[in-house]
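Spelled out from the first residue to the last, the chains are:
Protein chains: 4
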Amino acid sequence: MANKIRLGILGGGGNSLIGELHRVAALINDNYEIAGGVFSSNWEENISFAEEIGLPADRIYKDVDTMVAEELNLPESERMEVVSILTPNFLHFPAAKKLIDSGFHVICEKPMTTTFEEAKILEAALTKSKTVFALTHTYTGYPMVRQMREMIKEGVLGKIHKVDAQYYQGWINTLIHDLEKRKTTWRLDPEKSGMSCCMGDIGVHAFNLIEFTSGLQVKAILADLNYLYPDNKMDIDGTALVRFDEFTKGIVRSSQIATGEENNIAINIYGEKGGLRWEQENPNYLYVLSDDRPMQVYKPGHDYNSDISLDGTKLPPGHPEGIFDAMANIYKGAARAIRGESFNSGEFPTMSDGVRGMSFIEKSLESHLNGNVWVEIEN
Amino acid sequence: MANKIRLGILGGGGNSLIGELHRVAALINDNYEIAGGVFSSNWEENISFAEEIGLPADRIYKDVDTMVAEELNLPESERMEVVSILTPNFLHFPAAKKLIDSGFHVICEKPMTTTFEEAKILEAALTKSKTVFALTHTYTGYPMVRQMREMIKEGVLGKIHKVDAQYYQGWINTLIHDLEKRKTTWRLDPEKSGMSCCMGDIGVHAFNLIEFTSGLQVKAILADLNYLYPDNKMDIDGTALVRFDEFTKGIVRSSQIATGEENNIAINIYGEKGGLRWEQENPNYLYVLSDDRPMQVYKPGHDYNSDISLDGTKLPPGHPEGIFDAMANIYKGAARAIRGESFNSGEFPTMSDGVRGMSFIEKSLESHLNGNVWVEIEN
Amino acid sequence: MANKIRLGILGGGGNSLIGELHRVAALINDNYEIAGGVFSSNWEENISFAEEIGLPADRIYKDVDTMVAEELNLPESERMEVVSILTPNFLHFPAAKKLIDSGFHVICEKPMTTTFEEAKILEAALTKSKTVFALTHTYTGYPMVRQMREMIKEGVLGKIHKVDAQYYQGWINTLIHDLEKRKTTWRLDPEKSGMSCCMGDIGVHAFNLIEFTSGLQVKAILADLNYLYPDNKMDIDGTALVRFDEFTKGIVRSSQIATGEENNIAINIYGEKGGLRWEQENPNYLYVLSDDRPMQVYKPGHDYNSDISLDGTKLPPGHPEGIFDAMANIYKGAARAIRGESFNSGEFPTMSDGVRGMSFIEKSLESHLNGNVWVEIEN
Amino acid sequence: MANKIRLGILGGGGNSLIGELHRVAALINDNYEIAGGVFSSNWEENISFAEEIGLPADRIYKDVDTMVAEELNLPESERMEVVSILTPNFLHFPAAKKLIDSGFHVICEKPMTTTFEEAKILEAALTKSKTVFALTHTYTGYPMVRQMREMIKEGVLGKIHKVDAQYYQGWINTLIHDLEKRKTTWRLDPEKSGMSCCMGDIGVHAFNLIEFTSGLQVKAILADLNYLYPDNKMDIDGTALVRFDEFTKGIVRSSQIATGEENNIAINIYGEKGGLRWEQENPNYLYVLSDDRPMQVYKPGHDYNSDISLDGTKLPPGHPEGIFDAMANIYKGAARAIRGESFNSGEFPTMSDGVRGMSFIEKSLESHLNGNVWVEIEN
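Here the protein sequences come in this chain order: R, W, D and A.
Counting in my numbering, the first sequence runs from 4 upward without gaps.
Counting in my numbering, the second sequence runs from 4 upward without gaps.
Counting in my numbering, the third sequence runs from 4 upward without gaps.
Counting in my numbering, the fourth sequence runs from 4 upward without gaps.
A hint or two may mislead.
Intra- or inter-copy, both count: the list cannot distinguish identical chains.
Here are the computed lysine-lysine pairs in the DSSO-like style, where the Cα-Cα straight-line distance is at most 27 Å [unchecked claim]:
{"id": "1", "residue 1": "Lys65", "residue 2": "Lys7"}
{"id": "2", "residue 1": "Lys156", "residue 2": "Lys101"}
{"id": "3", "residue 1": "Lys195", "residue 2": "Lys184"}
{"id": "4", "residue 1": "Lys184", "residue 2": "Lys162"}
If you're looking for bench data, these hints aren't it; they were derived computationally from the structure.
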């Protein structure tokens, strides 16, 4: 193995869950060492968190600009190579832009930006910089999601005719039904959270999962969103009819008022020769459906899986791995790309996924606000 | 128990599966005796089938008109009281109309008629005749579907915010991908099968299940259908966005090209206080979801179930009952109504379900053909 | 189809669940007509129950002896052909003996007798009479249990190495923990219920399921029973280690104090080439396990199933059938045997199953009472 | 957070799976830093593996004795505080003994030793040293296993009456049926693998899971092992009847010839008031059974869980965690103990679990070899 990759982190301090998820994912597989970063805009919290996780203070910076400037002053052999962006959503774009322009590789949480326009600017920057950009649609890191993608590529389903993906949660019930709470939470404030709550936060995961696994691109969508209360300004539930071509259709269903649901992301893809089903809460099962043969249940770690699926499993069959391991697979893929060793297009979601995701979010709103009409997804 | 109810049967002869389902359902619970009927338009087949199932020939008739005429000549104490209509779809309406007008009770397979207009005529006839009319949306007969309805009535979910029902099958794959087969099968010929294949055959079941369990009425729908091939004249897949009111929305998803699916009917209803999930292929489980308490799994036969749910279970918990038992529950409910003993509005689907179902089918097509626009469901 | 078979019934009157199960099972498939019987030893109840289920009074008898005598006086073309024995356990033997000796076919609930000795006497009688004898180990009637048996016969598992079957229930908790209740219930009174409660009532089902599906015969067992309270006289929980040969072993686990379990009967059979799993509460799934291929899930009604499995399914895949349908399959098999049309040894459990089952029960007690030692099962 | 704990590792180099599992588990939660160790008895492999995972060479040692000697020469503030023992089984005892005697904390893979006698020696050493000793029965680290233990402690089940645990695998099929392979594999060579294969490797996990969750101690066992072939010297399948007291019984079932099973560890505990079920391959579900209420399904991360269960979950409900996370919880518990912060007896398995486990293995063999007789477990 080459030396460890020096990783910087923006955000994710304090008791941030996403921070823990990324740090653990980076450490699994022995590819990265955390070099430093900016964990908080509050200097005291920033520095004390760094100490808490065992990092020396000398590469903890007060903001991203300082970090970039100082790191560029370091010799290349010591300089951070890649930076993970875990900040609030509206800061993704400026940070990513700065980093890409400065020649750093980037691992970025989703949503990639707050608008499609920003996404396109980022894409142009990346085209110039030729650095690695990984978008952490974590679910694509599960071995059985990768297996699904590979089986479709191999033609197990034949021509795809129908796709149905959902992402159902119920957590917003704790906020939405109380007038005071829904008025004051940042999550339901468009100025703080961007244009969309449900489609932007989770619908886009389902959209991405469809394109990642099927290899198809959604051409147009017709969306119907639900705001539940007249005074609420952000969608908390939404369904999009999607079309790949005239005769290949699908559905993206997402909700944050699906009471009692936790992270119920699931996808069904049906083709001429078979069907595939995967559900995130039991991620180690891939169901292969057929009209005339018994259903098959694929599980990780078996030799019958594809190389990229097996690459994402650390232990033999029967040892359940989970979301930390899925994220670790994305980090592993990014590490390979950084080292120029990538072997498969599915090792991590890319800039292109980010651009299309932002279009999906914007077009969902456009469709809904124009009376639930068809609009085209842009690249 | 009162005397057995004399049941006539129209259709369902030969190796008809629907015939067996209804006969068995009628016999379970000891409420009915089969008095006679018309099992086939071919006299030889009609009479030989009657013999095969052990019926004497004297009340086997050549057609429905003859049957009605002859039965009316019998003393009331011998006359058929109720007639089950299991004929091809386009014959439902004339037979039901004739029977209702002649004072017979009717148990009718779905789709009730071929058009909404016919449905309204039938409804008017029933209003006059005051006889019992049961529509065999079989799934409503499952104990856990009944329990779902009762729990919603009792307020377990609070205000309902979202409904998602599906009916996915894959069987039409065996016909649809072959040009010759899809041109020649009666199922894909609008002259023989009515206006809709997928929405009419199965989508309407999902629609009915929503209204049956939720107690809500769909106000408007926006449907997108799929015909898969340019030369194919009937929908074989379709999704309808549905609205109950401005802020209560739902989805009806149905497909006959969901490869590998058998009869995957499922429903999720989410409300302010909880969620409920039921799946037809494991009909003896009702999942009760909550944001802050453990999921509960209700099963049939336990005292914690409602009266009407328990009424539909014959054996103690742990003895799985199935679709024959569900249909038998509908027959049991109809028997009670015929005897004037009904105790709950959910014992069987009614004329009103049939009328709304026909509107759903017609409006799905209308919405689709007009470019996926919102249309209102009529009563 | 030939004429219907004339069926007599002993027991199962009132609100007997087993009575309803058998009557419905007999009527499904159109093979039988109920000719009469003895539904209760109380004449009033006997006659009023007959009326309730629509039977004329003239072939309702006061006891089995009268029934046999009177029926033998009828011309053969009217006489009952087969009699179902649903009485309390201790009456099975005398009734079955009388009926067999008098030339009637018999369908008998389990346990077949109260002792192994009685079972052997019955077997000898049957050898003489050459009539049909079906023992209603209902679970063998499920299509996927039959499929399991056929797949093993075909060699799907190769040599069998291990068998593990369970039957767990929790119902006796409602009686056993209360001193008064456990002293007074007939179920825990050896004089009324026979020698064993748990092994006799449910353990024997698990034992039978093993032999039915595997085609193997248990050679010896070592059992450990639990009575839970010093004053309780009957086993309410028991595990038997079983041996087929020196290197093929298994376990029969049964309990009536497995709190919260309903009818959790399940079987796992493992062989050189694969494994099979079936669970009664989800009876329409058969799991086919392999060390190197994805698990397969077989479901009823598909062409990939064996003839005898398909013979037990009335509707296409996806229409769940249940325990009534399983019992109906046993009745269907018995009807074929009565008509001389049987095509497979697995269509119903036989006298031999009854004899071995009684030996299993007796030997379980013998093993336990002698300090958990190995004892041999007898034929 | 205090400074990171300096961790040494014995074994687990090369492509060792157990090595990866422990390293990842140590890094999750930011408690440990790997200080050095002995990864292989081959110096080249040892040093190159250290480099591969990014460790400096100066604290890589040629053997455990050298490591102990050199580390003791370091100032206490730099010295390894705890050492993980991941070597082949027969080396566990001498390494653990040396480390304990020298005042190091120890995290040890199971089986703890090769004999009960060694286990007792280790226990005595620990009593003297008063250091922390954690035995990695990984399954106890799952949040829902911890929840199970806490619920039983709280009395949710009332008095326990029956326990049934299994650990079924099929992997040894690839070796056992081939004469040459089974003769030559170290796993089936008692000189290399210790006295037992199946009971020692996996049966003991099931045994431990019972005692960990129930809080009960097995008093006596009666075991029946299977060697499958006359020339095979080690058990590859075994069932033990277990007794807690005269009326509380259980079963430990384990197999390595359960074809198609992966790591099918599962436990059912039944008490006066309820039942609990957990299955390792779907570790995030805990089933709470009741005779008269609906089954409940507990999932990790919800507030309704106990403190120690919640302590083992890093993300909100719906984000599946797996075996790496379970092991990380054991490391977290050990870290707390090392820092003197432990809050619950269930944070990790202890020396006492190791001692009882070794007795279980020895007594299983003793029982079997003496003709399947009852023998008592020793402390």
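Hints, one by one, checked against the model:
1. Lys65 <-> Lys7: Answer is both: 25 Å inside a copy and 25 Å across each meet the 27 Å cutoff.
2. Lys156 <-> Lys101: Intra 36 Å, inter 55 Å, cutoff 27 Å: neither.
3. Lys195 <-> Lys184: Answer is within; shortest intra-copy Cα gap is 15 Å, inter-copy 57 Å.
4. Lys184 <-> Lys162: between (47 Å within a copy, 19 Å between copies)
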